[in-house]
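J.: Modelling step: build the complete structure from the supplied sequences, incorporating the hints.
Chains as they are written, first to last, in the numbering used here: chain A, 1 to 326; chain B, 1001 to 1326.
Treat the hints loosely; a few may be bogus.
Footprint (simulated), chain B over chain A, 3 or more residues, beta carbon under 8 Å [to be verified]:
1) 48-61
2) 96-105
Result set (DSS-like, lysine-lysine): computed pairs, CA atoms no more than 30 Å apart in a straight line [unchecked claim]:
3) B:K1029 / A:K39
4) B:K1057 / A:K27
5) B:K1045 / B:K1114
6) A:K94 / B:K1323
7) B:K1027 / A:K49
8) B:K1094 / B:K1323
9) A:K114 / A:K45
10) A:K29 / B:K1024
For the record, the hints were derived by calculation from the structure and aren't laboratory data.
Predicted model only: the values in this text are computed from it and were never measured.
The C-beta atom is built at its ideal place from N, Cα and C for all residues, glycine as well.
2 protein chains.
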Amino acid sequence: SFSHHMEEWDSMAEEYKQLEEEHKAYKQKVEELKNLQNKLGTSIKKQRKDLLQLSEKLQECDVPAEYRHKVLDIREKVKERNEVFREIEAFLPKDNGIFLNTTLGHINVTMFSKSAKHRYKEEYEKFKFVMTIIMLFLSLTLRFVLESRVGDAIFHFLLVWYYCTLTLRESILIVNGSRIKGWWVAHHYISTYLTGVGLTWPDSTTYHLFRDQYMDFSIYLSFVQILQYYYQSGCLYRLRALGERHNMDITVEGFQTWMWRGLKFLLPFVYLGHFFQLYNAYTLYQLSRIPECEEWQVLMMSATFFVLFLGNSISTWGTVVNKLGD
Amino acid sequence: SFSHHMEEWDSMAEEYKQLEEEHKAYKQKVEELKNLQNKLGTSIKKQRKDLLQLSEKLQECDVPAEYRHKVLDIREKVKERNEVFREIEAFLPKDNGIFLNTTLGHINVTMFSKSAKHRYKEEYEKFKFVMTIIMLFLSLTLRFVLESRVGDAIFHFLLVWYYCTLTLRESILIVNGSRIKGWWVAHHYISTYLTGVGLTWPDSTTYHLFRDQYMDFSIYLSFVQILQYYYQSGCLYRLRALGERHNMDITVEGFQTWMWRGLKFLLPFVYLGHFFQLYNAYTLYQLSRIPECEEWQVLMMSATFFVLFLGNSISTWGTVVNKLGD
Ligand SMILES: CC(C)(COP(=O)(O)OP(=O)(O)OC[C@H]1O[C@@H](n2cnc3c(N)ncnc32)[C@H](O)[C@@H]1OP(=O)(O)O)[C@@H](O)C(=O)NCCC(=O)NCCS
Ligand SMILES: CC(C)(COP(=O)(O)OP(=O)(O)OC[C@H]1O[C@@H](n2cnc3c(N)ncnc32)[C@H](O)[C@@H]1OP(=O)(O)O)[C@@H](O)C(=O)NCCC(=O)NCCS
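T.: Here it is, written out as structure tokens:
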């Protein structure tokens, strides 16, 4: 049986050699891929510049009447090509922007396949959903069952962490070609800040005067986020089914009707949420003027809520107006 | 000149077509790479299992005297191969572990080239260095120039953020094959927690009684970290120059002497740091027993400092003993 083991060993040596070969091939392929990425990147940059220059030149020069049609055609094609460039670039490594670079360092977060991108976005939505449920449960408990400053601190910690990870994930989504608006990302930075300040608010008179309203707000926010989740994952699901997200034909009227129905249902709740933020800003401002108030957190949070109210209402309006324009 | 523009347009169409071809080739190459990664992964898993089984069988069976030598040889080769497997795996996509998955989502953070890994590690060291300098500057200011609770809050915020990003970056380093010990990562999680608790400590009697000592500790810690930076980036630099990090020959005595000299210089300061942590734990414990103390943070931080003291001393001892054993 010993000689049998020796035979086994020899056949393993064979397999090992094969692995080494494959590893060499692998390293080479990685190298090739990197070269191809560079090539595609420079080529796109050059073509984009050329197209821009040509468009400008065509603007300036006299077009013979029989070529008008041709020029219109070119304009159309230029638009299409720019769209294609954008799509290709979504699969090339990209610079991360300051935030990801300072937090994660220079690491490539571009995903190289469509399915990976989709999975990542779905996971992001699901993560938000699960965390919202947890937060809803926690805020209900803290509001109606257990009033404890340590419980509040844990809740605040969780919120800070939650908003932090959202900003990270959203930065990654943007690198991967998501069209999420700058404000929603900024919104999560500001929320991180807001909850951070809330965390440092000591257990004082003003804290107790505001606590219940804050918990009510958290409960309401979780509720709206659940609705939002159903709307947004519904959109996502339908768009996937239709094929491309950003290449929608106007013929997909079914989707449009669905979306508008969803929006009409969702938006009143969203606006009520914004109003609640304004109301928080107002209450905190009033609190900051009572003689018992010694904490800088009160006025700071009031201002922050006001900024959130402003930014959210304006951005939501903008989105709706844009969608109507399409 | 219009016909000239038309010629330009046609040549651009040519370039565009070429880009489309390259893009197709690119997608295919990505696909191939993924397949090769899977293949390498399964092959390594299988070979590892086979080698383990063979080793066990050889342990059990009687080896003919004339084969003793051969079996020793096999043992040696098995070790080598396992090392090679580990190295290859460092370039295959890997699962991130819970922490990265919950914070960043399922995203591939493996770097596919050695130079990228090296750059990342160097960046990590430099990041720590720059942040340490900033923190040193801040804590000196807060200690000797400006006593302000808001300033303290900012300092704490920065610390929380700093330790958070460290845990992220270290998780990424580990996925990429770093041999950093679990404790140092845990250390940064615990520090995040500690500074978070410090952030919620209200502006009370106990806070003021401990503040100066805490700032002294921060200043000292920054100082040790600067020394540590010079030692660790020195190690890194020399190992790079020697070639492989984890494949060191014992012949590279120059490095060994350098390292031991560095360690001998560094370690007394590190141990003084651990002692300082123990002293913090002690002071906070005493504070928690005075009648003015109403804050849960005091005892919590005392316990946390004690945990840090224990873990750090044990791990540092472990590292030194290991290095002596090599
Ligand atoms: C108004 C609203 C419903 C529109 O959602 P929508 O139809 O998905 O908007 P768009 O079509 O402009 O979406 C573009 C992209 O941004 C994302 N996005 C839109 N709003 C987002 C938000 N609030 N957070 C995160 N991502 C968002 C979409 O998922 C989409 O991503 P994709 O390009 O990767 O597919 C949504 O923005 C919303 O709910 N806003 C209100 C949020 C709020 O104010 N909350 C606090 C108070 S209650
Ligand atoms: C003791 C010490 C000097 C040893 O450092 P070392 O020689 O680099 O240790 P090792 O050879 O075991 O390093 C293995 C890996 O872990 C990393 N590493 C070691 N200690 C680390 C630490 N404290 N933080 C982050 N990474 C560390 C190394 O960079 C190396 O990474 P690599 O595999 O990617 O190259 C170092 O661990 C140390 O300074 N510890 C004390 C820290 C401390 O207690 N601070 C707080 C109180 S002052």
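J.: All hints, please: hold or fail.
T.: The hints, checked one at a time:
1. 48-61: With 6 residues close enough to chain B, the hint holds.
2. 96-105: holds (count 4)
3. B:K1029 / A:K39: holds (14 Å)
4. B:K1057 / A:K27: violated (34 Å)
5. B:K1045 / B:K1114: holds (22 Å)
6. A:K94 / B:K1323: Not OK: K94 (chain A) and K1323 (chain B) at ~41 Å, beyond 30 Å, violated.
7. B:K1027 / A:K49: Within the cut-off at roughly 24 Å; holds.
8. B:K1094 / B:K1323: holds (29 Å)
9. A:K114 / A:K45: holds (22 Å)
10. A:K29 / B:K1024: holds (16 Å)
This entry does not satisfy hints 4 and 6, going by the numbered hints stated previously.
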